[in-house]
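Participant: Residue numbers (our numbering), protein chains in the order written: chain A, 3 to 367; chain B, 3 to 367; chain C, 3 to 367; chain D, 3 to 367.
Hint data in this document are derived by calculation from the structure and do not stem from the laboratory. Mixed in with the good hints, there may be bad ones.
It does not matter which identical chain is used: a pair holds within one copy or between any two.
[Stated by the list, open to error] The calculated SDA-like cross-link candidates involving lysine to any residue, where the alpha carbons are at most 25 Å apart (straight line), are:
1) Lys310 <-> Pro220
2) Lys310 <-> Asp157
3) Lys310 <-> Gly15
4) Lys310 <-> Glu9
5) Lys310 <-> Gly216
6) Lys310 <-> Thr148
7) Lys310 <-> Arg251
8) Lys310 <-> Ala347
9) Lys310 <-> Asp43
10) Lys310 <-> Ala122
11) Lys310 <-> Ala224
12) Lys310 <-> Thr213
13) Lys310 <-> Ala5
14) Lys310 <-> Ala285
15) Lys310 <-> Val335
16) Lys310 <-> Pro197
17) Lys310 <-> Thr336
There are 4 protein chains.
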Amino acid sequence: MTARARELGLMPGTLPTGPVNAITDVPGIRVGHATLHDSADIRTGVTAIVHDVLIGEGPAGRRTLPAGLSVFNGFGKMVGTTQLTELGVIETPVLLTSTLSVFRVADAVLTYLHARPAYAGAGTLNPVVAETNDGYLSDIWARPITDQHVAAAIDAAAAGPVAEGCVGAGTGTSALGYKAGIGSSSRVCSLSTGPVVLGVLVQANFGGLLTVLGVPCPPPPADTSKAPGEADHGSCVIVLATDARLDSRNLTRLAARSFGGMARTGSDFSGRSGDYALAISTAGLTRDGPAGVGLATATEEGDPVPDKDLDLLFLAAIEATEEAILNSLFMAVTTTGVGGHTRQAVPLDEVVALVSGRSARRSES
Amino acid sequence: MTARARELGLMPGTLPTGPVNAITDVPGIRVGHATLHDSADIRTGVTAIVHDVLIGEGPAGRRTLPAGLSVFNGFGKMVGTTQLTELGVIETPVLLTSTLSVFRVADAVLTYLHARPAYAGAGTLNPVVAETNDGYLSDIWARPITDQHVAAAIDAAAAGPVAEGCVGAGTGTSALGYKAGIGSSSRVCSLSTGPVVLGVLVQANFGGLLTVLGVPCPPPPADTSKAPGEADHGSCVIVLATDARLDSRNLTRLAARSFGGMARTGSDFSGRSGDYALAISTAGLTRDGPAGVGLATATEEGDPVPDKDLDLLFLAAIEATEEAILNSLFMAVTTTGVGGHTRQAVPLDEVVALVSGRSARRSES
Amino acid sequence: MTARARELGLMPGTLPTGPVNAITDVPGIRVGHATLHDSADIRTGVTAIVHDVLIGEGPAGRRTLPAGLSVFNGFGKMVGTTQLTELGVIETPVLLTSTLSVFRVADAVLTYLHARPAYAGAGTLNPVVAETNDGYLSDIWARPITDQHVAAAIDAAAAGPVAEGCVGAGTGTSALGYKAGIGSSSRVCSLSTGPVVLGVLVQANFGGLLTVLGVPCPPPPADTSKAPGEADHGSCVIVLATDARLDSRNLTRLAARSFGGMARTGSDFSGRSGDYALAISTAGLTRDGPAGVGLATATEEGDPVPDKDLDLLFLAAIEATEEAILNSLFMAVTTTGVGGHTRQAVPLDEVVALVSGRSARRSES
Amino acid sequence: MTARARELGLMPGTLPTGPVNAITDVPGIRVGHATLHDSADIRTGVTAIVHDVLIGEGPAGRRTLPAGLSVFNGFGKMVGTTQLTELGVIETPVLLTSTLSVFRVADAVLTYLHARPAYAGAGTLNPVVAETNDGYLSDIWARPITDQHVAAAIDAAAAGPVAEGCVGAGTGTSALGYKAGIGSSSRVCSLSTGPVVLGVLVQANFGGLLTVLGVPCPPPPADTSKAPGEADHGSCVIVLATDARLDSRNLTRLAARSFGGMARTGSDFSGRSGDYALAISTAGLTRDGPAGVGLATATEEGDPVPDKDLDLLFLAAIEATEEAILNSLFMAVTTTGVGGHTRQAVPLDEVVALVSGRSARRSES
């Protein structure tokens, strides 16, 4: 059995979700996966977060989008970080994958984009690819992701509901002792200037004690296929998107708040967990730079979000991240992979009973 | 009624505390306060975290200690940050106070130290003073802290139990809708090299929804003395100390983990909340630099904590910060200050009932 | 004899200067000094860089300006850094002074502004005060700067030519072995959108070998009043202003380029030289935030500088910084201060002969 | 004609060089190149900076080395940056290459190391690969670097003199208007604890006005094969190594100083020039972490360099970088590449005449 947190009655926070409660509630954001689980040693894949302007498709052509990156723990192989931080923009889709496949995926993004008409004459590009280490269930040294998988994930990117759990870059990941994977959620914020959407997608793969709406849940029985002392640490990649008009400075601040949501799920923020949050605004379309350079030269018209409204977005980032992580766990299924290692899915019945017990008692009080 | 969280049966996390469950469990760390609440408009003070070598007292003389700073949100007036980050050491006691008094306190630290024999010929010094905005209950523009208050706080610094709640720099602060103040806690970590202590002291003054061991607690009734729309945002200063041998890089990483504890108490990490965490190691005594310069030149003998043991310290930082914040709230009393503004203390009975309801139900399940 | 570099025929770079070749060429920027040299032990002062909106004067009222800070070496006591970096704005005049007076000056800025009508009800303010260590010629522990000196410097701030050399915060500073002080310069950049001005003001106090237009100049004879091994290190504060419309991200990048100019004058970037560059745009007037908060909420209309035009501003930052540092040296006079220490002025005749020798030979070749 | 700067009598700075005046003067540091210039469109390659412990060779086995990264302008695709910064160590050889080949090279490093016995069971690795954009002379989208080229460069790595100019990653790069490439230099510093070596290797590819020992040199005639307005910007990668015992904090500070040397050669620090400096200490051998993790757990015995000695190393970084850049230019030859673009070599006779003219005149004065 799998279910999204909200289907189980578990609703972190107070803000309303968007229509499909996923990052795709942000207009223009699409998500696609390519999943690899054919051989016994491979439980991995790639997930693409796509916007038309980042692949040179649609009337706006090839553009960059304002972006900000917050690194809580830089123990990871994410590529594209220094340029994104320096220029405050992203110019390619965001790809998530297995740790040591990150370079093949980045190279595949170049191949994919270079083949598109809008990229004729492009001088250089800065692929942004993040990863977590799914090595407990998949042979990371095999680096099985090919150009075709990356193209498939980008081409499959669609609006609407997002496949979660053991899919794409979440095929082999684990979090808080259980099988996890991809999760997503969204929040609608009623700003003084009108409603905006904040969507989150996570690749959850970190340690700690599963905590659901504040209730610590018992860890799974130890995996006897695991060697004693074997490392059990991971990472978390959090991608945030919003149609609110934010510049890179405030997107960076927004991204940082997502770690508050991660904390609420019980993360122990271990030293070997590379935790990265990347935030993108779809409202700040930038005009393309000089031919072949790909630099933004100016943002288009429009008022940015006033500072007093940021706090609502910050809260949305915390809430949507917490729920996206829960979804990444609750939508995952027990999985066996390389070396016979097995990760149990979260026992949803037990968790629901545990949490609703708390809720029941609270409504009595 | 006031009580520490643990006296109420509320025990965040799993690691054991030190003897007095405070930052003073770290050998050599002393805490002192000076409290100002004589006039109706003034509810403020100053808190000093002291170590002998930072005031040139004791056989080791004047030294620096390894230190690291993690800034989650830099909206604040903390002084001493760039040098502490650049050199990775602290060379004065840490002072906490009211936002606009920070400069008078920093200057008072210079006056205090310059009068001591060990500082004859000192070329320059880098005071480290942090603050939160207690302006809801105190007239921050009065800047009432004097040289005498600072000297009194430093001179009063003692080992053993730490006064918490409405004392020193916590006299006028609020958190999560309620009156808060100073709080402290500690954890003992059994490392492979032996036990070490991690202590935390907070000046809590931030927004969000009070969450106790995962249970969201109802906010207090609105303060009718408050003008509609009046800002209700704050900050949090977190000081960590440990006798584990860590360098500034790992102290910075340790400091960052404390925000995980802050998240667990319900912080909304609002844009106007300047959140700073400063970590100090008492184990890395450094030799003094050239006369009058105050630069560390080398750490003394001893093995640093192995990376694999860091995670336990990281967990301790999360747990002790959560408990220190709860203590800062539970030890505070309802306070009326400038403009007749009033902050209610947390209703401990209600909170305990709420949380124990959850616990009771969980033990049934 | 003192003279500005350009009066001596020494013209770094290729871009044209503004009318008075100073930071005051940026419309709205004014500079004022208060100089203290009455007693034998005091050779110090304070320098204010002022804009009407930063003191709540003029039709625009109280506003913030976009700002960016680049720290090359954080060994210094500059205050206001974390908030300026977090919010990307400055909300007070910039003050420069002697290292240990920085806190008294910051406090004086609060006193000064709080007394002005535009600051009635202001909730908090973030003074920005930088410093260098003039301790070789002045008793830094005396901290002689008072509220009156700070008010005098701000009130004296005027457009037009800037007093340079041994004045204000430059009264006691030294650079590259010689007496230095305050220096300023400017460049006009013809952008695709029209001309903009970039102005620089430096408080020069750093070590290295004086290098004029690439020609290394012999160091001064050793100061026999100096104890053997006595530290001879300092810092450099560089303030840049421009009427080009840049956000905090690009102002930070602009600020960083000024260190290139500093390098060209022969800085050895020693470990004890706290080198800070702060850039402000007068074109990005921001609307004030909620009452009493002082936060920017949005920038006003107008196109930012296109990225392709940034390079000209970056070059201007290098050139104007180099020239401002030369002016800070060439306009300073031999000074004797605390302990009978003496700093020689640069021997201008010798330097001109040395450099023009090079120039003459180059024109022959 | 090509020659090293010093062979032409051009000697930046005052510190003595090591025996071969290259990064290989640091004991244990080896350099290798693979050069690709077979087809008319390809002028590129790969350069490897290798130490035994970074490839698991020799008695010490597989280790990490302390490392620090300073990013002056993050517009680039360097990989490995966040982990290197977070952990303060490097665990693979450093590879330099063409901008869009960076991911294939990083992947090839994984392949290369995984095949070695010391890496059996390695859990993950963090390749460090930097790049500059050699697109003016080479088809960067072809991404021609293969696993074999990377292996060849690493295997070719040798002590002793380093091939400079149009070789390896410098085959297609340009700087300051002229053909440039790889350059190297070193300095010996007599510290209080004994002599240490600081070596630098650069991949020079940046804009500005060639400045030799302070003398600006005329730019080359315009390349008529270049389209009007075509971008002419680049980057600089600077690798520093030293046998001085420095931790990552001080290595980062050391790395930053190298930009001072870059400034002295005439860099305009343009917005599109991704300028990165990476510093490594060979003296801080770290013990390997838990099996399969590759984390350092502790540094070995030995005193770090006292702070007062850092300044000499900082000066060495400035001087050696300036000379390495000059070598990268003076050892390069006129090259024609993709699209018939041609970069002229620096006319050494003219430059020597220009600079010695200055010198001659100075010696007369």
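Participant: Against each hint, give a clear statement of whether it holds in the structure.
Facilitator: Outcome of the hint check:
Taking the closest pair of Cα atoms, Lys310 and Pro220 come within 25 Å of each other only across two copies (24 Å); inside a single copy the shortest separation is 40 Å, beyond that limit. Taking the shortest Cα distances, Lys310 and Asp157 never come within 25 Å of each other, neither inside one copy (39 Å) nor across copies (33 Å). Within a single copy, Lys310 and Gly15 get their C-alpha atoms as close as 20 Å, which meets the 25 Å cut-off; across copies the closest is 35 Å, which misses it. In the homo-oligomer, the alpha carbons of Lys310 and Glu9 never lie at most 25 Å apart, since the shortest distance is 33 Å inside one protomer and 39 Å across protomers.
For the identical chains of this complex, Lys310 and Gly216 are neighbours neither inside a copy (28 Å) nor across copies (28 Å), given an alpha-carbon limit of 25 Å. For the homomeric pair Lys310 and Thr148, neither the shortest alpha-carbon distance inside one copy (45 Å) nor that between copies (34 Å) is at most 25 Å. When the C-alpha separation of Lys310 and Arg251 is checked against a cutoff of 25 Å, the pair qualifies both within a copy, at 15 Å, and between copies, at 21 Å. In this homomeric assembly, Lys310 and Ala347 never come within 25 Å of each other (Cα to Cα): the closest approach is 41 Å inside a single copy and 27 Å across copies.
In this homomeric assembly, Lys310 and Asp43 never come within 25 Å of each other (Cα to Cα): the closest approach is 50 Å inside a single copy and 28 Å across copies. Taking identical chains as interchangeable, the C-alpha atoms of Lys310 and Ala122 lie at most 25 Å apart only when they sit on different chains, with a minimum of 21 Å there against 43 Å within one chain. For the homomeric pair Lys310 and Ala224, the shortest alpha-carbon distance between copies (20 Å) is at most 25 Å, but the shortest distance inside one copy (47 Å) is not. In the homo-oligomer, the alpha carbons of Lys310 and Thr213 lie at most 25 Å apart only across protomers (24 Å), although the nearest pairing inside one protomer, at 31 Å, exceeds that limit.
Proximity of Lys310 to Ala5 under the C-alpha cut-off of 25 Å is found in neither arrangement, the shortest distances being 36 Å within a copy and 36 Å between copies. Proximity of Lys310 and Ala285 under a CA criterion of 25 Å is satisfied in both settings, with 18 Å inside one chain copy and 23 Å between copies. Taking CA atoms no more than 25 Å apart as the test, Lys310 paired with Val335 passes in neither setting, with 42 Å inside one copy and 30 Å between copies. Proximity of Lys310 to Pro197 under the C-alpha cut-off of 25 Å is restricted to the intra-copy arrangement: shortest distance 14 Å within a copy versus 35 Å between copies.
For the homomeric pair Lys310 and Thr336, neither the shortest alpha-carbon distance inside one copy (44 Å) nor that between copies (28 Å) is at most 25 Å.
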